[in-house]
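Fit chain P to the supplied structure of chain H, relying on the hints for placement.
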Amino acid sequence: MLRMDRTASPGIVLVSHSAAIAEGLAAMAAEVAGGDVRIVAAGGGPGDTLGTDGGRVAEAVREADSGAGVVILADIGSAVLSVRAVLNDGMADGVAAVLADAPLVEGAIAAAVTASVGGDREAVRAAAEDAWNVRKL
Amino acid sequence: MSASSEPCRAVRLPNGIDLHARPAGALVRAASAYQSAITLSAGDRCADAKSILQVLALGATGGTEVAVAASGSDASEALEAISSLLATLA
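Just so you know, the protein sequences line up as chains H and P, in that order.
Mapped onto this note's numbering, the consecutive letters of the first sequence carry residue numbers 1 to 137.
Mapped onto this note's numbering, the consecutive letters of the second sequence carry residue numbers 1 to 90.
This is chain H alone, in the form it adopts within the complex (with noise of 0.2 Å):
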């Protein structure tokens, strides 16, 4: 079985084949959503390629889970393919991880709030799920 803590927050992973994507969403999203919510920057390949690593993504997982899950974001094709590869294989170490169906910066900043108002690891992959209804026209 996997751990679910439900008192504390559910963490976030974002994966890009850009680590600079990666992480400077990760700091957007904290600052919209106060700074309180584990979100970890797991972007760019090995050797500091435009790619993405599984190892890394699953390092990232660890690290964001303080209990309540992880709500992992990706951006495109093989990002997805490198986040199921880790969730399948177990990589994670049992870590609650689920991959959200989302639009990657929407999907972040709409996952960090809900987080940090106590959403649990479902309501914060819905919330990131939801960003595709929201028009920016």
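Rather than coming from a laboratory, the hints here were simulated on the basis of the structure.
The beta-carbon is built from N, C-alpha and C at its ideal position, and this holds for glycine as well.
Do not take every clue at face value.
What the hints assert, rightly or not - Derived lysine to any residue pairs resembling SDA-like cross-links, with alpha carbons at most 20 Å apart:
| id | chain 1 | residue 1 | chain 2 | residue 2 |
| --- | --- | --- | --- | --- |
| 1 | H | K136 | H | G94 |
| 2 | H | K136 | H | R84 |
| 3 | H | K136 | H | V105 |
| 4 | H | K136 | P | L85 |
| 5 | H | K136 | P | G59 |
| 6 | H | K136 | P | R22 |
| 7 | H | K136 | P | G43 |
| 8 | H | K136 | H | L99 |
| 9 | H | K136 | P | S41 |
| 10 | H | K136 | P | R9 |
| 11 | H | K136 | P | E6 |
| 12 | H | K136 | P | A42 |
| 13 | H | K136 | P | D48 |
| 14 | H | K136 | P | D18 |
| 15 | H | K136 | P | A57 |
| 16 | H | K136 | P | R45 |
| 17 | H | K136 | P | H20 |
| 18 | H | K136 | P | A21 |
| 19 | H | K136 | P | T61 |
Unchecked claim - Covered by chain H, per the in silico footprint, the following chain P stretches (three or more residues, Cβ under 8 Å):
| id | stretch |
| --- | --- |
| 20 | 20 to 33 |
| 21 | 49 to 61 |
Same frame as chain H, but now just chain P:
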């Protein structure tokens, strides 16, 4: 519908303070503490005050007027808190 009895209030945002990023997050966190549904409107747009993406999409800039409406069991407290928060954003 008893829309006419729903409490609402218009607030002017402080000059130079746009409802984005950190101020928007602070507003959504405050709104989330109430059971009531809280709606903001600015120009021709409306937003659920508990949805950060909707609040950001309002695009309300400093000095403009935002209308706040609340409905629910704690509507008057919510209206008071959100209105004063908006008016004193820094």
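Do the hints match the structure? See the list:
1. Between the alpha carbons of H:K136 and H:G94 the distance comes to roughly 37 Å, so the proposed pair goes past 20 Å and is violated.
2. Note on H:K136 and H:R84: the hinted pairing is violated, with a Cα-Cα distance of about 29 Å set against a maximum of 20 Å.
3. For the given pair, H:K136 sits about 13 Å from H:V105 by alpha-carbon distance, which is consistent with the 20 Å threshold.
4. Annotation: proposed proximity of H:K136 to P:L85 is violated, straight-line Cα distance about 25 Å (limit 20 Å).
5. A threshold of 20 Å between alpha carbons decides the hint, and for H:K136 with P:G59 the separation of about 10 Å falls inside it, so the pair holds.
6. Straight-line distance between C-alpha atoms of H:K136 and P:R22 comes to about 19 Å, which keeps the hinted pair within the 20 Å bound.
7. At most 20 Å may separate the alpha-carbon atoms for a hinted pair to count; H:K136 and P:G43 meet this at roughly 15 Å.
8. Distance restraint check for H:K136 and H:L99: the Cα-Cα separation of roughly 24 Å exceeds the 20 Å cut-off, and the hinted pair is therefore not satisfied.
9. Simply put, H:K136 and P:S41 have alpha-carbon atoms about 16 Å apart, close enough for the 20 Å limit, and the pair holds.
10. The straight-line distance between the Cα atoms of H:K136 and P:R9 is roughly 26 Å, outside the 20 Å bound, and the hint therefore fails.
11. The suggested pairing of H:K136 with P:E6 is violated, with an alpha-carbon distance near 28 Å, which exceeds 20 Å.
12. Proposed proximity of H:K136 and P:A42 is supported: the alpha carbons are some 15 Å apart, at most 20 Å.
13. Of the pairs offered as hints, the one joining H:K136 and P:D48 holds, with about 15 Å between alpha carbons and a cut-off of 20 Å not exceeded.
14. Between H:K136 and P:D18, the direct Cα distance comes to roughly 17 Å. Compliance with the 20 Å bound is thereby established for this hinted pair.
15. A distance of roughly 6 Å separates the Cα atoms of H:K136 and P:A57; the hinted pair therefore holds under the 20 Å criterion.
16. Among the hinted pairs, H:K136 with P:R45 is consistent with the structure: their alpha-carbon atoms are about 11 Å apart, no more than 20 Å.
17. A threshold of 20 Å between alpha carbons decides the hint, and for H:K136 with P:H20 the separation of about 14 Å falls inside it, so the pair holds.
18. Taking the CA atoms of H:K136 and P:A21, the gap is near 15 Å; set against the 20 Å cutoff, the hint holds.
19. For the suggested pair H:K136 and P:T61, the alpha carbons sit about 16 Å apart, so the restraint of at most 20 Å is met.
20. Requiring three or more residues with a Cβ within less than 8 Å of a Cβ of chain H, the coverage given for the stretch 20 to 33 of chain P holds, as 9 such residues are present.
21. Only when three residues or more bring their CB closer than 8 Å to a CB of chain H does the claim for the stretch 49 to 61 of chain P stand; here the count is 6, and the claim holds.
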